[in-house]
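First to last, the sequence lines map onto chains A and B.
Counting from 1, position 137 in the first sequence corresponds to residue 137 in full-length UniProt numbering; the numbering is continuous, with no gaps.
Counting from 1, position 151 in the second sequence corresponds to residue 151 in full-length UniProt numbering; the numbering is continuous, with no gaps.
Be aware that a few hints might be false.
Copies of the same chain are indistinguishable here, so a pair counts whether it falls within one copy or spans any two.
[As the list claims (entries may be wrong)] DSS-like, lysine-lysine: derived pairs with alpha carbons at most 27 Å apart:
| no. | residue 1 | residue 2 |
| --- | --- | --- |
| 1 | K138 | K24 |
| 2 | K195 | K24 |
| 3 | K91 | K138 |
| 4 | K24 | K91 |
| 5 | K91 | K195 |
Hint data in this document are derived by calculation from the structure and do not stem from the laboratory.
Number of protein chains: 2
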Amino acid sequence: MNTERHIASAFDRDLEGIQALVVKMGGLVEAALADAATALETRDEAMAERVRAQDGAIDALEVQVNDECLRLIATRAPAATDLRVVLTVMKIAASLERCGDYAKNLAKRSLVLNQMHVVEGATASIRRMARQVGLLLKDALDSFIHRDVELAASVRQQDRDVDHMYTALFREFLTHMMEDPRNITACMHLHFIAKNIERVGDHATTIAEQVIFLATGQMPSEPRPKADSVNMGKD
Amino acid sequence: MNTERHIASAFDRDLEGIQALVVKMGGLVEAALADAATALETRDEAMAERVRAQDGAIDALEVQVNDECLRLIATRAPAATDLRVVLTVMKIAASLERCGDYAKNLAKRSLVLNQMHVVEGATASIRRMARQVGLLLKDALDSFIHRDVELAASVRQQDRDVDHMYTALFREFLTHMMEDPRNITACMHLHFIAKNIERVGDHATTIAEQVIFLATGQMPSEPRPKADSVNMGKD
């Protein structure tokens with residue numbers, strides 16, 4: 001066994017350990033998102049509080065991922081390609097941390113919404129959208145772990161469905177607000193929730209694009225299939 | 001001149017070059033934000049279009065910063081502390097890229113708002129908030145370049161003012177919507193604009209916290225003085 005080979009496998013072993021942390025983060029974020037959306041629909045305050053309390057675990061994992069990536073770079077001095085993988089891992093961890101914040105924010109807003117006028121049907125739509133985005137995030141992480149470019153490409157496609165769900169909700173909220181001013185404050189919160197869930201989909205897409213970049217050396221050539229329309233409140 | 005000394009100054013020289021790019025990015029983001037807010041207030045569509053068109057230059061600078069940071073790590077093999085500085089530079093570039101997106105989004109929404117019912121006084125308030133946040137971002141970058149912990153601490157304090165401005169605007173928009181349903185769609189867009197400007201303030205604060213971390217080795221001990229209230233739509 002020559003030294004180079006030895007160094008390479010030590011790097012791979014370390015990287016696998018870090019990737020396991022990222023997968024763990026992903027699982028926590030998916031659960032937080034699903035639980036927060038369920039808490040909103042069922043008005044389950046205890047569940048919402050648990051989501052809020054558990055966000056610290058996601059944040060702590062991001063710190064751990066960053067620290068272990070730095071140690072990996074310092075001890076293994078990876079070559080350019082491996083270095084890029086390590087930096088992608090850090091970017092993915094940063095995305096997941098942000099998605100965890102969105103789930104926490106959803107949980108916080110659900111507590112506020114419990115005090116307000118009920119907007120018919122809205123929370124069920126939001127739960128469906130959250131489930132869809134959770135699956136998207138899972139696919140994005142799987143595509144990274146298995147370096148599966150095809151799966152990554154499908155994430156970009158699926159994100160379009162999420163954008164459509166968001167746009168439909170935006171229209172629905174506008175209608176509710178115009179019909180009855182008592183809906184206005186609640187709809188502002190619901191709209192933010194929908195927007196933040198849509199942003200989780202954007203993060204999943206960014207992860208998928210990084211997978212494609214790692215595999216092919218360039219960003220996806222055709223522009224992301226984005227159901228874009230600022231009129232509907234898209235960023 | 002011994003080798004170690006030589007390597008250290010080569011690292012510093014390379015880092016300075018990269019930091020100059022970050023400062024350039026910061027200047028472009030500040031200008032984009034100020035111009036987009038002015039375009040909104042003065043209904044200047046040509047100016048809004050320029051802001052949209054120039055976002056590509058900000059994105060390109062982020063790619064350049066990332067590439068040069070990777071090359072720096074590969075060629076100089078920086079020690080742990082220097083490595084952390086390089087990674088902070090990359091995080092700051094990522095923040096600035098995101099802030100550029102917010103400015104571009106503001107410009108896009110200003111074009112949409114030009115087609116709508118005018119909401120009295122709102123755009124002037126937003127321009128003031130954008131100016132305040134632009135100064136905050138400048139202070140945050142200055143604190144990084146000069147490793148000025150005191151200035152970084154003041155950024156965290158000033159961000160509280162921005163949060164208050166956002167909360168006041170949120171209340172104002174609710175009132176406008178309840179008074180006249182014709183204001184609802186415009187206020188949804190204005191609210192998003194205000195929220196995104198507030199997020200630029202959060203990015204400035206994150207940069208300031210990284211400066212404090214670099215200087216002291218730990219994140220600011222007391223929690224960020226955040227005028228938090230989910231009731232007002234805070235994330």
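27 Å Cα threshold - placement of K24 relative to K138: within (11 Å within a copy, 37 Å between copies)
Intra- versus inter-copy proximity for K24 and K195 (alpha-carbon distance at most 27 Å): For K195 and K24, the Cα distance is within 27 Å only inside one copy (25 Å; across copies 31 Å).
Homo-oligomer pair classification [K195, K91; C-alpha up to 27 Å]: Both ways: K91 and K195 sit 21 Å apart in one copy and 24 Å across, limit 27 Å.
Intra- versus inter-copy proximity for K91 and K24 (alpha-carbon distance at most 27 Å): Both. Shortest intra-copy (15 Å) and inter-copy (23 Å) distances satisfy the 27 Å Cα cut-off.
Intra- versus inter-subunit Cα pairing at 27 Å for K91 with K138: both (16 Å within a copy, 24 Å between copies)
The structure meets every hint from the earlier list without exception.
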